[in-house]
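Colleague: Model the full assembly from the supplied sequences, consistent with the hints where possible.
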Amino acid sequence: MFPCYMRTCDTRKVKSLRDPTAKMSKSDPRPMATIHLSDSPEDIVLKIRRAVTDFTSEVTYDPEVRPGVANLVSVHAAVAALTVEEALSQARGLDTGAYKLLVADAVVQRLRPIREEMERLQADRGHLEVVLARGSQRARELAAPILQEVRLRVGFC
Numbered sequence: 042m043f044p045c046y047m048r049t050c051d052t053r054k055v056k057s058l059r060d061p062t063a064k065m066s067k068s069d070p071r072p073m074a075t076i077h078l079s080d081s082p083e084d085i086v087l088k089i090r091r092a093v094t095d096f097t098s099e100v101t102y103d104p105e106v107r108p109g110v111a112n113l114v115s116v117h118a119a120v121a122a123l124t125v126e127e128a129l130s131q132a133r134g135l136d137t138g139a140y141k142l143l144v145a146d147a148v149v150q151r152l153r154p155i156r157e158e159m160e161r162l163q164a165d166r167g168h169l170e171v172v173l174a175r176g177s178q179r180a181r182e183l184a185a186p187i188l189q190e191v192r193l194r195v196g197f198c
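Numbering follows the numbering used here, with no gaps: position 150 of the sequence shown is 191.
Read the hints as simulated data drawn from the structure, not as lab findings. These numbers come from a predicted model, not from an experiment. Treat the hints loosely; a few may be bogus.
Taking lysine to any residue pairs in the SDA-like style, the calculated list, with each CA pair at most 20 Å apart, reads [unchecked claim]:
| # | residue 1 | residue 2 |
| --- | --- | --- |
| 1 | K67 | S81 |
| 2 | K54 | R151 |
| 3 | K64 | R90 |
| 4 | K54 | S66 |
| 5 | K54 | P70 |
| 6 | K54 | E126 |
| 7 | K64 | R91 |
| 8 | K54 | E105 |
Modeller: Next up, the structure:
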């Protein structure tokens, strides 16, 4: 989800949208907790709009006191290749509700080309079958000498 060229934003672990003290996980049973690469723009906006925050409307970055808002700031900084300070600067004057829409837009824009490429590849069944066949052939080529050695050592040859 995050660009390789992140600058100084600390997003080694993206936090859950429903529990900002826990890591975001694709195995989370709560569908609103995780953003998937295949999520539609509408789903991403909905998930971020419903992300857990607090009742203070100002956007600040304090992971200990305001983990939900800090998570949104981290996500925004990561997907927009900003520092936390730059993300906070963009949030100046916005309440958390408006900021969630800004973050959602940044995430949608960052994931759009990935999602579109996934959809294009999934629609081209022939291409997928060719790629799978090439991978299968390559795996057999790599495994053949090892399997031959195992057969010799076990006594099957």
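Colleague: Within 20 Å, alpha carbon to alpha carbon, are K54 and E105?
Modeller: holds, 15 Å
Colleague: Is K54 close enough to S66, meaning Cα to Cα at most 20 Å?
Modeller: Holds, at roughly 10 Å.
Colleague: Regarding the pair K64 and R90, is the alpha-carbon distance no greater than 20 Å?
Modeller: At roughly 18 Å apart (the allowed maximum being 20 Å), R90 and K64 satisfy the hint.
Colleague: Regarding the pair K54 and P70, is the alpha-carbon distance no greater than 20 Å?
Modeller: holds, 18 Å
Colleague: Under the criterion that the straight-line Cα-Cα distance not exceed 20 Å, is the pair K54, R151 satisfied?
Modeller: holds, 18 Å
Colleague: Quickly compare the C-alpha distance for K67 and S81 to 20 Å and report which way the hint goes.
Modeller: holds, 16 Å
Colleague: CA of K64 to CA of R91, is that 20 Å or under?
Modeller: holds, 17 Å
Colleague: Tell me if the straight-line CA distance from K54 to E126 falls inside 20 Å.
Modeller: Satisfied, since the Cα-Cα distance of roughly 19 Å is no more than 20 Å.
Going through the hint list in order, the structure satisfies each hint without exception.
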